[in-house]
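Asker: Please put together the full structure from these sequences, using the hints given.
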Amino acid sequence: MTIKPHNIFGQLEVFEKEIIRLEERIFELESRIQKLIEVERNHLLRIKNKEEVSDDFIQNGRSYHDLSPEKAWKLYRNSNFDFILIDVSAKDFSAFNRLPEAIHIPWDEFSEKFLEIQTKTTPLLIISEDGTNSILACEFLVKMGYYNCNNISGGYKHWIGFRLEQVKNQSA
Numbered sequence: 001m002t003i004k005p006h007n008i009f010g011q012l013e014v015f016e017k018e019i020i021r022l023e024e025r026i027f028e029l030e031s032r033i034q035k036l037i038e039v040e041r042n043h044l045l046r047i048k049n050k051e052e053v054s055d056d057f058i059q060n061g062r063s064y065h066d067l068s069p070e071k072a073w074k075l076y077r078n079s080n081f082d083f084i085l086i087d088v089s090a091k092d093f094s095a096f097n098r099l100p101e102a103i104h105i106p107w108d109e110f111s112e113k114f115l116e117i118q119t120k121t122t123p124l125l126i127i128s129e130d131g132t133n134s135i136l137a138c139e140f141l142v143k144m145g146y147y148n149c150n151n152i153s154g155g156y157k158h159w160i161g162f163r164l165e166q167v168k169n170q171s172a
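The sequence shown: position 15 = 15 (this note's numbering), numbered continuously.
I should point out that these hints are in silico values taken from the structure, not numbers from a laboratory. Check the hints yourself; a few may be wrong.
[Unchecked claim] Here are the computed lysine-lysine pairs in the DSS-like style, where the Cα-Cα straight-line distance is at most 30 Å:
no. : residue 1 : residue 2
1   : Lys71     : Lys48
2   : Lys91     : Lys120
3   : Lys113    : Lys143
If you're wondering where the values come from, they're calculated on a predicted model, not measured in any experiment.
Answerer: Structure, rendered in structure tokens:
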């Protein structure tokens with residue numbers, strides 16, 4: 001049985017690789033912690049501003065609200081609620097009625113034009129054709145530091161204002 005002398009350089013290389021792996025893992029953990037801290041700051045800001053914050057929002061670490069069509073309609077109609085309405089539906093989307101006061105930034109142009117949204121603190125109500133692109137817009141905006149994003153679930157497809165107009169027109 002032959003005994004091989006220890007290769008000190010081989011051991012150093014193994015240690016260096018392990019150190020690099022550990023540094024990458026530390027960086028990954030620091031990034032995850034930073035994201036969690038940002039979500040908690042989001043929650044604290046909403047609480048400080050006396051906004052309604054659901055248990056689900058806090059327990060599941062959500063960074064934006066999914067508003068039911070009913071809740072979104074109530075906020076939209078509340079003259080005491082200051083908000084910015086953003087429409088991220090496609091350019092060629094032809095909703096029967098669009099919300100005229102909405103800032104229209106199509107989702108496919110959103111990453112270039114989102115800076116048109118001047119404030120990061122005013123509540124944002126975000127709507128799209130069916131609510132899918134508005135979810136993506138909320139997630140994107142949260143990553144860009146906007147803390148008060150609210151997705152209108154179901155989008156234009158379930159917007160109560162349009163349904164009320166249809167009922168009103170049918171009964172007239």
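Asker: Does each hint fit the structure? Answer for all of them.
Answerer: Hints versus structure:
1. Lys71 x Lys48: Distance of about 21 Å is within 30 Å: holds.
2. Lys91 x Lys120: holds (25 Å)
3. Lys113 x Lys143: holds (15 Å)
Checked against the numbered hints listed earlier, the structure breaks none of them; every hint is satisfied.
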